[in-house]
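Please take these sequences and the hints and turn them into a complete structure.
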Amino acid sequence: MNIKDNSVGSKIFDVINVIVLVIIGLLCLLPLWYVLCVSLSAKDAVNAGLVSFWPVGFNVDSYKKIVGEGAFFRAFWNSICRVVLGTLVSLGCILMAAYPLSRTKAQFPKRNMFMWILIFCMLFNGGTVPWYLTMRNYKLIDNIWGLVLAGGLPVYNVILAMNFFKNLPSELEEAALVDGAGPWRIWASIYVPLAKPSIATITLFTIVGYWNEFFQGLVLSTKEASYPLQTYIQQMVVTLDYSTMNAEQIAAASKLNNQSLDAAKIFIAMVPVLIVYPFLQKYFVKGITLGSVKG
Amino acid sequence: MKLKKLLSLMLVGSLALGMTACGGGDSSSSAPESESSAAPEESGEESSEEAGGEEADAGQESEAGEGSGEGGEAAAGDSKALQPFAETVTIKMGHGLDPNTSFGEGESLENSRYLQWLKEDLNIDVQYDWICSNTDFGQKINLCIASNTLPDAMNVGQTQYLAMLKYDQIQPLTAAFEEYASDRLKQYVHSGGDALMDAISVDGEMYAIPAPNLTASGVNTMWIRQDWLDELGLEVPKTVDEVFDVAKKFVEAKLGGDNTIGIVGPASGDQLIAVGQNRWGLDPIFGAYESYPEYWLQGDDGKVEYGSVQPQTKEALAKLAEMYAAGVIDPEVFVRSDALEPVTAGRAGIFFGPWWCGYTVDSVTLDGSLEWAAYMAPLAGDGKFYSPMSDPTTQYVCVRKGYEHPEAAVQIINYLIAYEQDWINEGKIADTSTSAVYPLFNVYDNADEIEYSYEWLKKFNMGEVKKEDIDTTGRKLLKGDLDAIEVLKKDPKDDFSLEYWDLENEIADSNIPRLVSIMVGARPLMEEGYEPIYNAFSGQTDTMATKWANLQKLEEETFAKIILGQAPIDEFDNFVTKWYAEGGQEIVDEVTAAVNE
Amino acid sequence: MFNKKFLKHYYIMLIPAIIWLVLFNIVPMVGIVMAFEDFNPGLGMWKSPFVGFANFEYMFQMSDIRQVMINTIVIALGKIVANLIVPLLFAILLNELCIQKLYRPIQTIVYLPYFLSWVILAKIVLNIFGYVGPINSVINFFGGDSVNFFGMESLFRPLVIGTDIWKNFGYNAIIYLATMLGIAPELYEAAAVDGAGRFRRIWHITLPGIKMTVALLAILSLGNVLNAGFDQIFNLYNPLVYSTGDILDTWVYRAGLVNLQFSLATAVGLLKSVVSFVLITLGYWMADKFAGYKLF
Chain A
1 MNIKDNSVGS
11 KIFDVINVIV
21 LVIIGLLCLL
31 PLWYVLCVSL
41 SAKDAVNAGL
51 VSFWPVGFNV
61 DSYKKIVGEG
71 AFFRAFWNSI
81 CRVVLGTLVS
91 LGCILMAAYP
101 LSRTKAQFPK
111 RNMFMWILIF
121 CMLFNGGTVP
131 WYLTMRNYKL
141 IDNIWGLVLA
151 GGLPVYNVIL
161 AMNFFKNLPS
171 ELEEAALVDG
181 AGPWRIWASI
191 YVPLAKPSIA
201 TITLFTIVGY
211 WNEFFQGLVL
221 STKEASYPLQ
231 TYIQQMVVTL
241 DYSTMNAEQI
251 AAASKLNNQS
261 LDAAKIFIAM
271 VPVLIVYPFL
281 QKYFVKGITL
291 GSVKG
Chain B
1 MKLKKLLSLM
11 LVGSLALGMT
21 ACGGGDSSSS
31 APESESSAAP
41 EESGEESSEE
51 AGGEEADAGQ
61 ESEAGEGSGE
71 GGEAAAGDSK
81 ALQPFAETVT
91 IKMGHGLDPN
101 TSFGEGESLE
111 NSRYLQWLKE
121 DLNIDVQYDW
131 ICSNTDFGQK
141 INLCIASNTL
151 PDAMNVGQTQ
161 YLAMLKYDQI
171 QPLTAAFEEY
181 ASDRLKQYVH
191 SGGDALMDAI
201 SVDGEMYAIP
211 APNLTASGVN
221 TMWIRQDWLD
231 ELGLEVPKTV
241 DEVFDVAKKF
251 VEAKLGGDNT
261 IGIVGPASGD
271 QLIAVGQNRW
281 GLDPIFGAYE
291 SYPEYWLQGD
301 DGKVEYGSVQ
311 PQTKEALAKL
321 AEMYAAGVID
331 PEVFVRSDAL
341 EPVTAGRAGI
351 FFGPWWCGYT
361 VDSVTLDGSL
371 EWAAYMAPLA
381 GDGKFYSPMS
391 DPTTQYVCVR
401 KGYEHPEAAV
411 QIINYLIAYE
421 QDWINEGKIA
431 DTSTSAVYPL
441 FNVYDNADEI
451 EYSYEWLKKF
461 NMGEVKKEDI
471 DTTGRKLLKG
481 DLDAIEVLKK
491 DPKDDFSLEY
501 WDLENEIADS
511 NIPRLVSIMV
521 GARPLMEEGY
531 EPIYNAFSGQ
541 TDTMATKWAN
551 LQKLEEETFA
561 KIILGQAPID
571 EFDNFVTKWY
581 AEGGQEIVDE
591 VTAAVNE
Chain C
1 MFNKKFLKHY
11 YIMLIPAIIW
21 LVLFNIVPMV
31 GIVMAFEDFN
41 PGLGMWKSPF
51 VGFANFEYMF
61 QMSDIRQVMI
71 NTIVIALGKI
81 VANLIVPLLF
91 AILLNELCIQ
101 KLYRPIQTIV
111 YLPYFLSWVI
121 LAKIVLNIFG
131 YVGPINSVIN
141 FFGGDSVNFF
151 GMESLFRPLV
161 IGTDIWKNFG
171 YNAIIYLATM
181 LGIAPELYEA
191 AAVDGAGRFR
201 RIWHITLPGI
211 KMTVALLAIL
221 SLGNVLNAGF
231 DQIFNLYNPL
241 VYSTGDILDT
251 WVYRAGLVNL
261 QFSLATAVGL
271 LKSVVSFVLI
281 TLGYWMADKF
291 AGYKLF
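Protein chains in written order, with this note's numbering: chain A, 1 to 295; chain B, 1 to 597; chain C, 1 to 296.
Because the hints were derived from the structure by calculation, they are not lab data.
Among the hints, erroneous ones may be present.
[Unchecked claim] So, partial list: chain C residues that the calculated Cβ filter (under 10 Å) puts toward chain A:
no.: 1; residue: Ala17
no.: 2; residue: Phe24
no.: 3; residue: Leu97
no.: 4; residue: Leu116
no.: 5; residue: Ile120
no.: 6; residue: Phe142
no.: 7; residue: Gly144
no.: 8; residue: Asn148
no.: 9; residue: Met152
no.: 10; residue: Gly197
no.: 11; residue: Ala265
no.: 12; residue: Val274
no.: 13; residue: Tyr284
no.: 14; residue: Met286
[To be verified] When the alpha-carbon atoms are kept at most 30 Å apart in a straight line, the in silico BS3-like pairs for lysine-lysine are as follows:
no.: 15; chain 1: A; residue 1: Lys43; chain 2: B; residue 2: Lys238
no.: 16; chain 1: A; residue 1: Lys282; chain 2: C; residue 2: Lys101
no.: 17; chain 1: B; residue 1: Lys459; chain 2: B; residue 2: Lys238
These figures come from a predicted structure and were not determined experimentally.
Even glycine gets a Cβ: it sits at the ideal position worked out from N, Cα and C.
Okay, here's the thing in structure tokens:
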């Protein structure tokens, strides 16, 4: 809050605060910096564990190599499609469902029942095997809609959206009611626009949820061409069990082992995340005047 | 969401050994269709020549090399091994593909030259139910087992094999194997002896076609920095105390800098001791006390004992604790994220592993910087090296119950065995390897491949035999190895130090790691000898199903704490008492009964 | 204000979500029967032998189950509490940041570790706390002996909780920051006019403004009381720290390596779900009873 406060205590607090936050920021930059350094280092130096927080044997071979890898970009594209479709579908369902659920019991007598059904679905599941068989029956294998729908409704986000809606002042709604607005108009012209920072948050959570998910991607794909990016990346970084391999496989693995290339892929996979967040931050704006109502 | 992810991880992670054998099943190896159209014997030979012709179109002009003749010979010897089906037979598979695999121009896994050849020569149409990365293969196949959606044929590890057996998901293969397996394949399978047969059979019926493990891979030897030994003017250590002493001198001399590690041990996720090949383990130090943890040992009286709870194990642990306290064993043993790092960074003096560790240290070998050599050490009090051996196989080719043409899977293997050597020799598959791409690929070889290769490479290298006089039949890599050693080995021929290899040669990168693995890594097996110790039991008893995980945890925890000095050595006695009390005794009785059955 | 005409529309608004739930969450739940079976995939879910509560009995008969449960709950609770408080503190500090230009860069940076999986982060963490890592270098510089951080029972839990926060706090703070943006600036201005200092404004305006969100997140996170984080612990633990670090999920994993345990895994999953459900219900009821919060 940028309220002028010139007391000495406040000044000291400001200085310490900036220092603390910058240090915290650097600590969080560490892992990404490490990945970047590895991706820019020589392969053998990485295997010898010589790379810590500065590239050893600087080169950009890994990045050059990625450019030629169709599979990486196909997976990248799959992820983009998944995120875009998924966010649209999921956000629509979440925001629509959150509105009736944010009504009071007097306005919507069955709301509690639906609420508890949601909570139940959030906590219980039947495990991978029946889930996989269900998806097979739905013909959602190797299908972008499988990647979008198979995870089920993100109930956690519905609850967050409902909570945000509940916190909006009821006066605005009442005014609209007087104007003769129906529930759809109230939802579309009051609730959704007013909850902008909250919707930005939920959008972010939805995007991140789709972007980071790798296990469903593995189970629901029968070929690499349908992998989303994180499944593609996960398969590289999981270590091989040498004890069950034969000599030729070991030879092949040691020849292909390229942590520097893997790191480059991980780093590139972070780029969309780096773009999306600052973009959404634009909607993290103050100034919606609810002050007179809530406190 | 988190919950779901976790559960799924758990589920797929939790597939493992089952043991109850549901024998029999419906022996569905029904009379194959192709039998009705039994082609004449020559057809095998014809097809092989056809294949030769086809390949010549694809690759260079190939003279009918000695290898191709062999293939024909093998085919002619057993009528049905490579006899094409009258009607196209479709076989579905799953495949774990290394994401970095390279393919020939315009090829992919589903459209590789191998599949074309199989189609043309055998009339087998290989299709893929799914393709995933090799690291995900286990998860994928586990999911197939759990959801009963198995592909027609698959190549799996012991864990999955036992599970599918338990759940009655695979069919007996004896009939298909007897009728269709080529003589070479039969020879390989029989080279594993009764132990191998037992591992793949239930009530006399084969349920898998195994790839025999290389005998040499089970022997973990001592790899040591020869250049450090030379620098300090030390002899190669033989006994435990000598190894201790040498490692201590390495550390004191700071040959690898301030943080020099005398002996590398298992990192996080590695095994201290294991059945079979175990890179980074400390098994040989246990072996020096004739202690064989994790192994079931049968005495002359038929009684079976578990190696981990024997008094010899206590002696070995006491010595390891002493070594750790003296700063000789990696201070971060069990915790370190990767044991390879200090080894290739030149900070470590000794580690233990099998012959193929020549590949492990290939980067430092190829740049000529670090000199690793392998020896049989430490020796036991009686001067012998006792080596616990690995199980006879870890790779099983199985066929789904209800699939009509199990012989197609057998033929695919026959075909690989018959022609792989030709393909390599004739350069037809230089741009796409069999190990990554060929369906149901395994190394089908004699269990003694490494010993045989060492013997002849050595003789040839010393000029004792001519290349033409060496029998390379069925030894698919030996010919290439002979060519490579001829080019790469400099004088003096009997000194395998790095300076006497031609590391600058263009073929060095692809050949040195293997040659070093054989000539340096397998040398002690051949020249110094060892006493093999066999595991008497590798199955699972009823009590094991419920209590084994707990006993293993107890063992791992106790051993690790004793070595690091976090628990006194006498904690071992408590461990033994507890081990027997918490189900160990019952398991010993059950195993004894099972072994003496 | 009950409006009957609206009711129909409320149902229509819920329909897409309900269809999605039924098809993709509820239908696969039939798999829960596996928890009460000795599941045999060859026979299928409906023909596998029914064993009642045998899988649960097996779980509670294990001699180390007590220790494993304690580890799980201690680590999970530590994470729950820390993951509520640390992001909250961070959000407040960031909210008070006087240099606006730093606000977005810091907010973006702190959420980056969330996107790296534990397979990668574990390697970084082990290196940082390793013998030649920066932390031991500092200790050595001040004359101390190197500490084997991840080899000590007593340090394992704090390290796991600490590194988990490091990975997640930036991401968890987003929701608080978004909520704080909903607090009207007028309130701060009014308080400033009244002469309230910095800390009093935080105390009297910021915190009350987000208390409902904090309470909601707290109650939802109760659902994780048996989830101590398999990915993280599996990549960081070793036999030396079994006594403080072996959790329910790693325990099931190792049991599964010995013997096929589909049913056990399902049973453990069901147990976790039931415990979560009970705790969340309890939390909901208590928030209502003692604070008058209707959280969902």
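Hints versus structure:
| no. | hint | in the structure |
| --- | --- | --- |
| 1 | Ala17 | holds, 4 Å |
| 2 | Phe24 | holds, 4 Å |
| 3 | Leu97 | holds, 6 Å |
| 4 | Leu116 | holds, 5 Å |
| 5 | Ile120 | holds, 6 Å |
| 6 | Phe142 | violated, 20 Å |
| 7 | Gly144 | violated, 21 Å |
| 8 | Asn148 | violated, 17 Å |
| 9 | Met152 | violated, 22 Å |
| 10 | Gly197 | holds, 7 Å |
| 11 | Ala265 | holds, 7 Å |
| 12 | Val274 | holds, 8 Å |
| 13 | Tyr284 | holds, 9 Å |
| 14 | Met286 | violated, 16 Å |
| 15 | A:Lys43 - B:Lys238 | violated, 35 Å |
| 16 | A:Lys282 - C:Lys101 | holds, 13 Å |
| 17 | B:Lys459 - B:Lys238 | holds, 27 Å |
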